[in-house]
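**Q** Each chain is listed here by its residues.
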Amino acid sequence: MINHARSSAFLKAEQIHEHAARLKLLPFPSSNPALFATFICNLCQKLRDRIASSGAGEKETTLISLFLVDRVAPTLRFIEGASSENTPASLVVPVEKIGEEVLRGCRFMVRRQSRYNYSERELRGELQEALEGLLPETERNVLFKDLPSKLFAISFPSFERDNALLHVNFAHEIAHPLEQDYLDGQNQAAILQELKAEIENVTEENDPFRKRMEVTRRVTDAARKRQAALMEILSDTISAIVFGPSALFALYEVAILSTSMDRISADFHPPWRFRLREIFRILEEREFVDPTTFKLRGWPEGIPDCISGVKTEVDNWLVKLHGKVEDHSDMREIEKDPINKVAYDSAGRALPGIREFAAKSVPEHYTPSVFSEEVPELLKRLHSNLPPNRIEYSLEKNQQVRLASILSSGWLFKLGELEPVFSIDRDIYIQQVRTLNRLVLKAIQLSEIQEEYARKANKQHDGIAKQV
Amino acid sequence: MALSPTFPSLYKYGFATSRAADLLSKGSPTEIPHEEREVFSACSDLVERILKGREFLFGSNVEVHNLRPEDVEIFTFLLDTDRVTKKLAASSEEEVRRYFQEIYDTFKLLITNPRGVDEAKLGNTREFVNSIADSLIENARESLRRRQAEEPSAAFHD
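Protein sequences appear in the order of chains A and B.
Mind the numbering: the first sequence is residues 2 to 469 in our numbering, read in order.
Mind the numbering: the second sequence is residues 23 to 180 in our numbering, read in order.
Keep in mind that the hints are not guaranteed to be accurate.
[Said to hold, decoys possible] Here's a subset of chain B near chain A, in silico, CB distances under 7 Å, partners left out: (1) Ala43; (2) Lys48; (3) Ile54; (4) Glu57; (5) Tyr121; (6) Ile159.
Think of the hints as simulated: they come from the structure by calculation, not from any bench.
Quick reminder that beta carbons are idealized off the backbone N, C-alpha and C, glycines included.
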C-alpha cells in the first residue's frame, strides 16, 4: 500500500512539474509569473525526492499527495492566467508598481480568474509555512532563495479583462497584505478578552463547562467577523487614498451584484452598505466629497460646457448613492444577532485606528488638488476622443498625469457622459464604452512609456553632468 | 468538527505530526539528527499553541501572551476530535493542562536529551501525534473538497 501511495504522489509531482515547465514559456507582461513557474518546478522536484526517499511514511506520503492537489496544482492557474493574452497587459506594470511602492520588497502577479471577484493571495508564505513541517530549513532556504519575500497573485474576473475602470479594485487587493502589519501592532489577547467579557453577558447557559465552550466558540466567531470587517475596511480605505472617488465607483459596481447590501457574507465580509458608507466617510475626510451636499469637490471655477453636464450627472449619482448608504439597514440587520453586534461594536471602535494606519501606509496620496488640476483637463481630452494621458499646454509643453487621474477621468466620463446615452441608444452606448476603455488603457500605456522615457533621459542627463 | 478554511497551519502541523508519528513508531530514539529535531520542534510549537488556547478557555491567567484566534480554534478542535482530550476535559480541566504539558515537555526532551524520555510519556506522545495527524489529514481532504467546489473549472482552463 505504501508503495502505491508513493508512486501516486510521485506521479502527481511529476505532472505538475511538466505543466509548470510548459507555462513558463508563455509571454507575460512582467517577469514575476515565469519566476514563480520556475519555483513550482523546483518545488515539485524537491517533493519527488522526498517521496522517493525511504524516510517518507504512509501518513506523510498521503499528505504530500493532498498538498500537491490542494495547494500546489491550483497555483498553475495563477501562472496561466497571468499571461499577456489573459491580462490587461498595459495596466499590469503600473498596478504592480503601486503595489511595490506600498509594500516594499514584495512582488505582484496580476491574473484572470473564472470566478466573478477580485481577490488577493500570497503565494510564497502559504507554501513556505506548509513546508516547515516537511523539509529541513537548509533545503527550504535553497528552494525559496530566488522568490521575493512575498509574491501576491491579484485576481480579476476573467471577462472584465478590458474593463479598465473596474480594475481600480486592484488597489483594494494590493492593500490586503498590509493586514498582517496592522494585526501585529494590535494586542490580540486583549481584544479576545474584551470580546469574551461581552459575549459572556449575552450567553445563557447554566452548566459552567458548556457555557465556557459556547462562549469560546462565539468568541472565535466574533473575532473572525471583527477581523474580516476591519481588514476589508482597511483595504477600501487604502483604495480611496490611492485612487480617490474612483474607489467608490468601482466598489459600487461590484456591490450591485451582491445578494444583499445588508448582510455579513458567508466569508465574513462586512455588508456592502457598511463598506460604501465608510468609503464615503474617507472621501469626505479627504475633502473629495462635500460632507453637507455629498457632491464632488475640486471642480475648477468656470468649467467648460463640454464637461459641465458630467459634473451635474456625477453629483446626482453621488447624492443618490449617499442616500442609499446612509439608510443604516445593515446595522439593524447586524444588531439582530448578539455575536455580530459584539463583533461590529468592537470593530467600530477600531475604525479611527484603521484610517490612521492606512494613511501612514501609503507613500503617495491622491489629493483633491491634484484631482482638480488634472481631471477636468483629461475630461476635455476624452470628450475629443483623445487618450487622457497628459495635459497639453502647447506643442512643446505638456504635463504627465497620475494613474489615479486617468482612471478618475474615465469614471467621471462614464457616469456623467455615457450613462445618459444608454437611455437613448444602447448600440451607441456600447460603442462609446468600448472606445472609453480603449482610450483609458492607451492612456495608461502611453503614460508608462513617457515615464520610462523620462527616467532614462534623467539618467542620461545625470551621466553627462557627471562626465562634465 | 473541521478547522476553519482560514486556519493557516494545516499542512505545516499535518506534515510535522505525520512525520513525528512515523519517527516515534520506530521506538524510543537515542540520537536525534538535526532534521528530526526540526520536526519535534514544530510539534512542540503546536502543543504550545494548544496550551495557550486552553489557558484562554479554562485558565485563570487573563492575559495570554501573544494569543491568536487560531490557538483557541485548535484547542476547541481537539476538544471535539481527540478522544483523550475529550475524556479528560469531561472529568477535570486541570487534567487537560497536565496532559498537554506532559506532551510538550516530552517534545522538548526529545529535542535536547532523547535518552531521558520516559517510555510511558513517549507512548502518550505517540498516541497524541497519531491522532492529530489523522485529524489533520482528514481536514486536508476537506480543504481539497472545498477548493474543488469553489473552483468548478478544470485547473488549466480558467
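**Q** The structure should be examined with respect to each hint, and the outcome stated for every one.
**A** A quick look at each hint next to the structure:
Using the Cβ-Cβ criterion of 7 Å, the hint placing alanine 43 of chain B at the interface with chain A is satisfied: the shortest such distance is roughly 6 Å. The criterion of a C-beta within 7 Å of any C-beta in chain A is not met by lysine 48 of chain B, whose closest approach is roughly 10 Å, and the hint is violated. Nearest Cβ of chain A to the Cβ of isoleucine 54 of chain B: about 13 Å, over the 7 Å cut. The hint is violated. The restraint placing glutamate 57 of chain B at the interface with chain A holds, with a minimum CB-CB distance near 5 Å, inside the 7 Å limit.
Proximity of tyrosine 121 of chain B to chain A is violated relative to the hint, the smallest CB-CB distance being about 17 Å (cut-off 7 Å). Restraint check, isoleucine 159 of chain B versus chain A: the minimum CB separation of about 6 Å is within 7 Å; hint holds.
Of the numbered hints stated above, those contradicted by the structure are hints 2, 3, 5, listed in ascending order.
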